[in-house]
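Peer 1: Chains A and B are the protein sequences, given in the same order. Going by my numbering, the first residue of the first sequence is number 434, and it counts up by one from there. Going by my numbering, the first residue of the second sequence is number 197, and it counts up by one from there.
Since the hints were derived computationally from the structure, they do not count as laboratory data. Some clues are possibly wrong.
Covered stretches of chain A (in silico footprint by chain B; criterion: 3 or more residues with CB under 8 angstroms from a CB of chain B, positions within the stretch not fixed) [stated by the list, open to error]:
(1) 764-770
(2) 913-925
Simulated crosslink set (DSSO-like; lysine-lysine; CA at most 30 angstroms straight-line) [said to hold, decoys possible]:
(3) Lys-293(B) with Lys-946(A)
(4) Lys-950(A) with Lys-313(B)
(5) Lys-293(B) with Lys-950(A)
(6) Lys-323(B) with Lys-950(A)
(7) Lys-481(A) with Lys-711(A)
(8) Lys-308(B) with Lys-408(B)
(9) Lys-888(A) with Lys-458(B)
(10) Lys-329(B) with Lys-946(A)
(11) Lys-995(A) with Lys-328(B)
(12) Lys-267(B) with Lys-888(A)
(13) Lys-857(A) with Lys-544(A)
(14) Lys-995(A) with Lys-408(B)
(15) Lys-857(A) with Lys-503(A)
(16) Lys-947(A) with Lys-323(B)
(17) Lys-947(A) with Lys-313(B)
(18) Lys-293(B) with Lys-951(A)
(19) Lys-323(B) with Lys-313(B)
(20) Lys-220(B) with Lys-267(B)
(21) Lys-323(B) with Lys-951(A)
(22) Lys-651(A) with Lys-210(B)
(23) Lys-308(B) with Lys-947(A)
(24) Lys-611(A) with Lys-582(A)
(25) Lys-328(B) with Lys-951(A)
(26) Lys-711(A) with Lys-522(A)
(27) Lys-308(B) with Lys-389(B)
(28) Lys-293(B) with Lys-995(A)
(29) Lys-522(A) with Lys-457(A)
(30) Lys-947(A) with Lys-329(B)
(31) Lys-267(B) with Lys-814(A)
(32) Lys-564(A) with Lys-654(A)
(33) Lys-323(B) with Lys-946(A)
(34) Lys-951(A) with Lys-308(B)
(35) Lys-328(B) with Lys-947(A)
(36) Lys-328(B) with Lys-946(A)
(37) Lys-951(A) with Lys-329(B)
Here are the in silico distance ranges between beta carbons for each label pair [to be verified]:
(38) Glu-722(A) with Asp-250(B): 38 to 48 angstroms
(39) Thr-332(B) with Ile-741(A): 41 to 51 angstroms
(40) Ala-438(B) with Glu-761(A): 25 to 35 angstroms
The beta carbon of each residue, even a glycine, is placed where N, CA and C say it ideally should be.
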Amino acid sequence: MKIKSVSDLAARRKVGLQKIQPGKPRIAVGLATCGIAVGGKRVYERLKEIIDKNGLDITLTTVGCIGYCKEEPLVNITIPGKPLVILHKVSETDAEEIIRTVSNGEVPYDKALCQVPAWDHVKGCTLDYGKGFDRIPLYADIPFFRHQKKVILRDAGLINPEDIDEYIAIGGYTAAMKALTGMDPEAIIKEVEKSGLRGRGGAGFPTGLKWRITRDAKADKKYIICNADEGDPGAYMNRNEMESDPHMLIEGLIIGAFAMGAAEGLIYIRAEYPLAIKRLKLAIEQAWEYGILGKDIFGTGFVFDIGIATGAGAFVCGESTALVASIEGRTGRPHPRPPRLTDIGGGLFGYPTDLNNVETWCNVPVIISNGSDWYQAIGAKGNTGTKVFSLVGKVDRVGLVEVPLGTTLNTIVSDIGNGGANNKKVKAVQTGGPSGGCIPFRLFDTPVDFESLNKAGSIMGSGGIVVMDEDTDMVDIARYFINFATGESCGKCVPCREGLKHSLLLLNRIMAKKGTKKDIETLALLSDTIVATSLCGLGQTAPNPVLTTLAYFREEYDALVKP
Amino acid sequence: MTNGEVSSTVAPAKQVTVTINGKKYEAGEGEILLAVALREKIAIPHLCYEASLDPYGACRLCMVEVVRHGKREMVTSCTTRAAEGLEVVTDGPEVVKHRSILFELYLAEAPKSEVIKAMAERYGVTKTRFLKKVDTTDSLGNKCVLCGLCVRACNELMGAGAIGFINRGPYTVVNTPYFGATRDCLGCGACVKVCPTDAIGMEDIKDERVMKSWSNTRVPLVQCSCCGTYFAPKALAATILARVTTSLKEEIARRCPECRGKLIAKKEILAKTGGAR
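Isolated chain B (complex conformation) (with noise of 0.2 angstroms):
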């Protein structure tokens, strides 16, 4: 089911107003909390949350004091719906307090991530009180916080399912079955995309992409038939092009984007000129 699909069927949400940090907002029935604090500009820190999945609540950075009948209870944002007359604080004493632990425990697990440095920073929290981990053989290079970003773009929204948690509690880690190069990548890197601390290696060296990470994973790419350079992984395109139907099937699958569009350009002249120049 595609986006579109959803607004055509779909009644458009109730409207109701929540109330954030004692201000009024407009937001749709059952819309998460998450969401509408990041559209109103409202800071919330987060680091497993994607529009495009599921909420998945392993983070706890994007914890909120929801306000019922004067008392305040601590939840998730990306796991609350907007409903008439839900009241929050995002900033109480409690949430601080405990979000500048989350923190550290954050800077211990990742202590190479200059993204999670960056937002420890903006909250207030520079050092840490617990031992840091240092693994000079992590494939991750000490930037991972296993919020999940990467497994669940792989299996939900990509299906290919190249990598998933390995072990449990603290040692949990990501990377391919048996720490051994995958058939199953696409080599699409949406993995890489999504990973909000950057800890995923990937580079197209050559004829191949290289997924550093997971476990050296090699994906070959193909070669555009008229400049020679390497554009996509032949998986990924494969995926694509079984779902494509266009007349220019032939052009995307053998051309690079830029190749293409000049191929498609000149292509739509001489249709428009008949052929004279």
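Here chain A stands alone, though its shape is the one from the complex (with noise of 0.2 angstroms):
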């Protein structure tokens, strides 16, 4: 069936809200990777297992993930009439009193960990659920949720990533719908532009100003690339978004290509992405099936197709030049800038290429659906909308956590996180990825935006929060991720080759109570000139941890070292 109209996309609508609320109990199991790693698999078989023995009337499906790691694996319960409940923490042993209670009509209350009597999928669409469960606290009140503000994540964990159905069902593909056939290109990109969004990859540039470059250069041909090569440590934002809502990075493609005049799309995902490879892949032929991808889509006439390119394990195929080598069949080197990507002779096989991370594109349909006045007043001047972190490393609450940019630390880490892991006392996070830098808890008032983060040493990277307790050794620290930073470099420019690998070098040295203060100060030197002078962001971003290591717990360094 394809869809040509906008009545066409308001009758699969209906099928797909049959399928989320299909009359009946449905059960849906978190089924991220997450999900998966701690069991839900077991959990979804076993639910299986019983519904199919005893031929009940029960629908069992999968969903994505909501992002509250500590608790999983999550399980969610819709009862007709009744607000949804979300159960945590269930194993496969909870899966008969999950069916018992479910056949009648309640849920396993001890497992419950919230009620959702309705839920907002922001593009204009809010599914009710309905009222009862006086007992389970509501979703507003769980301190991990309560100051998160769900733009992105709007649909993770509540629809079938596997089903495309589901995803029109909650007002999916109506922005492209709206773009494709009542918007020009030029009002797109201006509407984008007046949203303020920025490049979430990490940089920071204007996503609008990027797309106007792109469409402003003149060829025949042109790329759209979404970056998927997510490889910092600690940071799963973006595997997530596919993994639990592959649709709305396909719905900002499409908007994107219609807007730059691209006729291909290409995923670019990291190998060690099985899951969000599958799904995507699934959603790629899902939409071709329904016209949303192909020659002819929506029967505008527009030709978009996407293809899946997977990386070969190489953290540096994240830089864009990088990124296109590695799609090109080349080794993974950064070549210098210009020609950037977005030139003539820059980008992927030479042709004009616009490059955006994963949420960067996530961000579109919404923008496209509410208007730049509604985006624009989520978050802080300059820094629109809202971004994921995942909370990561010794911290109470684990989990990705999506908030208004210019939210504080103190909001992330201790209201959100709810502070150390076993009542140990919070010193640091480490932002951005291995680039980025440790702030101590003193400045953790900090607004996240990509200024602040900046001014403190640090970086927005793509969203990864480690968070540090008294017991972290911040020299170690520093060393887990000049070593990493060593191995990832590519090895074409000398200050991040041999730069990052005599950094490593001191540090051990240090580390091994075998240093002197002058190695601090070598290592200090050294750093410096590695981010005035590298190639590419690598190494011009690998000495932050060291840097702010130096800044803020100098005494640290001092203590293993001979006067």
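From these two lone chains plus the hints, build me the complex, please.
Peer 2: Pasting the structure below:
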């Protein structure tokens, strides 16, 4: 069936809603990679076994992940007319009790985390579930969720990522329909520009401007690429976005392709994300079937297809020029810019190319649906919208956290994360992955936006927040990240290849208590040179963990060396 | 495309004025800044730049400061193009500071290279604080700085692709695939010629050219049919002869340059004198 009009889409939406609210009990198991890793699959299989054996009239399905890693495996239960209930820490031994209570129109209260009477899927679609189960706390009252604002993770953990109908049910592809049938490319770009959306891959470049540059490049062919080479230790926002809601990425790409005049898009995804690859491929197939991708999208004559290119395990391939080299089949080594990807001769196979991060693309449909004014009102001036962070390390509540930009570290770590794990005192956080810096507790009133983090010596990066507590050795942290960066350096330019190696050697010496004050000085000087002279972003930012720990935790270095 | 074709079909570049260290110089618009400086005898250290190859930007030694609106920004001069009003400073304190550290890194990476030692010394760096690399099995004698020129000359200029980078990061080395003798090597010696640190070993031993640094790859040489000396690698000769259309093809193929010269001169004389002695 091809969707060719607004009414076709509306008809499909009805089918999808039937799947989400089937008029009978629905049990949905959170099966993103994280849920599977903690036993979600076993829960699913046990539930299926019981339902099949007894021939019960219960819908069993999978959803993505709502992001509360600490409480996984998570299971959603929908009983008609009642609120959606999220069960937590479910194991296969709970399956019988779940089925027994659900069959009686109830839920196992002792397993309930919270209830959702209605959910706002943002793009003008709120799903009402119902009222009841008063003993179960409301979603909005759970401290982990209370401070969050879900824009990007609007559907994650609530719809089946392997079923396009469920995405359409909650307003999916209405933004693409609106863009392709009711807007011209210029209007779309203006809207994205006005929204203030900045690149979520870490650099924060204005997305609308990048789109305009790509659109204005004079070439008979253009590419758009989604950067899904998420490789920062401790960062997994993009993985969950793709595993839980692959169609929102595809919808963003379609709108971008139309705005920039590209007929081909690519998702460059790391091979270490097999489930995300599987779900994206499935989503692309389903979109083809419905005429949402292909030769005549929505019957408008617009042609667009998406391919998947997988990485081979090199961190540096997240850098734009190395990424393109990797897709072209060359060694993933950066080259000096200009030419930039958007320039003729600089992009994929020499064609002007727009490269945006997964999360950047995922913002596009809501901007088109709700408008730039609505989007601008979220976040801070110059830093609009929300950002998903993976809150990990020695923090009590580990998980994916989506907050408006400009939210302070305190809110994220103390209010949402509930401070250190096992009641330990939090000492610092490391933001932005291996090239980010460590920010000490006393600076936790720093708002998390591109500029403030830079001022504190760190970066936004793709959004990893690693928490360190009083037991963490900060010199060892610096060594860990330098070791990572040394191994991931491509080896092309000297400051990164040799400089990081010697930084590591110096840190090893200091850690082994064989270093001197002089070694610390040398390390500081060397770090400055690596930042100032490296060829690409990897080297230019890799010494940040050293520089920030030297600035904020110098006493820990001093304690390790001879005077 | 040869250089001759470029100059005949492309209009000569617009002349622009660039300022280097406070002095004004003429340059073609879009000309590589490093090339302009070298032409004007302004010293900028560099290792990975070669006029016949695209700028690569790997050695980072040619960094200079571009002055824009009173602010200075460090850039590599090999990837910066001349434009009207471009103003650069080659030896500002920032550049000197970082360049010195880079030289120290080079001294540690290629401790046996006299070229590096001399170059570093010219810029006042005689010692390194970093641990020197000592690898007794290094086929490049601890002289290689991984500038990539040999790899690029072999691939991009000669089209042979006999050598390449192996591993990555600090483990990167240059050699033949799987460290084995390769049939792809033409024995042209372009790698030796472009190497800025004289790291690559090559020697003609009897009827073979031995690429000592490249897994002892052996390339047979052509013997002069006249004097018996070995004068050119067979593979290289075959590649070149395939492109030659002159009537002297036979002479080029079989005689060494010296004997070839003598023979051609003799023929000329014979032709001029009509065979009379």
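Peer 1: Run every hint past the structure and note whether it holds.
Peer 2: Each hint tested on the structure:
1. 764-770: Answer holds; 3 residues pass the 8 angstroms Cβ test.
2. 913-925: holds (count 7)
3. Lys-293(B) with Lys-946(A): 29 angstroms, holds
4. Lys-950(A) with Lys-313(B): 27 angstroms, holds
5. Lys-293(B) with Lys-950(A): 20 angstroms, holds
6. Lys-323(B) with Lys-950(A): 19 angstroms, holds
7. Lys-481(A) with Lys-711(A): 22 angstroms, holds
8. Lys-308(B) with Lys-408(B): 17 angstroms, holds
9. Lys-888(A) with Lys-458(B): 74 angstroms, violated
10. Lys-329(B) with Lys-946(A): 23 angstroms, holds
11. Lys-995(A) with Lys-328(B): 23 angstroms, holds
12. Lys-267(B) with Lys-888(A): Holds. Lys-267(B) to Lys-888(A) sits at ~19 angstroms (cutoff 30 angstroms).
13. Lys-857(A) with Lys-544(A): Holds: Lys-857(A) and Lys-544(A) sit about 27 angstroms apart, inside 30 angstroms.
14. Lys-995(A) with Lys-408(B): 46 angstroms, violated
15. Lys-857(A) with Lys-503(A): 17 angstroms, holds
16. Lys-947(A) with Lys-323(B): Measuring from Cα to Cα gives roughly 21 angstroms; hence the hint holds.
17. Lys-947(A) with Lys-313(B): 29 angstroms, holds
18. Lys-293(B) with Lys-951(A): 17 angstroms, holds
19. Lys-323(B) with Lys-313(B): 9 angstroms, holds
20. Lys-220(B) with Lys-267(B): Holds, at roughly 19 angstroms.
21. Lys-323(B) with Lys-951(A): Given pair Lys-323(B), Lys-951(A) holds - Cα atoms ~15 angstroms apart, limit 30 angstroms.
22. Lys-651(A) with Lys-210(B): Within the cut-off at roughly 23 angstroms; holds.
23. Lys-308(B) with Lys-947(A): Distance of about 27 angstroms is within 30 angstroms: holds.
24. Lys-611(A) with Lys-582(A): 25 angstroms, holds
25. Lys-328(B) with Lys-951(A): 18 angstroms, holds
26. Lys-711(A) with Lys-522(A): 26 angstroms, holds
27. Lys-308(B) with Lys-389(B): Distance of about 19 angstroms is within 30 angstroms: holds.
28. Lys-293(B) with Lys-995(A): Holds, at roughly 27 angstroms.
29. Lys-522(A) with Lys-457(A): Holds, at roughly 24 angstroms.
30. Lys-947(A) with Lys-329(B): Given that 30 angstroms is the threshold and the Cα spacing comes to 20 angstroms, the pair holds.
31. Lys-267(B) with Lys-814(A): The given pair, whose Cα atoms are some 27 angstroms apart, holds under the 30 angstroms limit.
32. Lys-564(A) with Lys-654(A): 53 angstroms, violated
33. Lys-323(B) with Lys-946(A): Holds. Lys-323(B) to Lys-946(A) sits at ~25 angstroms (cutoff 30 angstroms).
34. Lys-951(A) with Lys-308(B): Roughly 26 angstroms between the alpha carbons, so the hint for Lys-951(A) and Lys-308(B) holds.
35. Lys-328(B) with Lys-947(A): Distance ~18 angstroms between Lys-328(B) and Lys-947(A) Cα, so the pair holds.
36. Lys-328(B) with Lys-946(A): With a Cα-Cα distance of about 21 angstroms, the restraint between Lys-328(B) and Lys-946(A) holds, given a limit of 30 angstroms.
37. Lys-951(A) with Lys-329(B): With a Cα-Cα distance of about 21 angstroms, the restraint between Lys-951(A) and Lys-329(B) holds, given a limit of 30 angstroms.
38. Glu-722(A) with Asp-250(B): 38 to 48 angstroms: 45 angstroms, holds
39. Thr-332(B) with Ile-741(A): 41 to 51 angstroms: 46 angstroms, holds
40. Ala-438(B) with Glu-761(A): 25 to 35 angstroms: 29 angstroms, holds
Going through the hint list in order, the structure does not satisfy hints 9, 14, 32.
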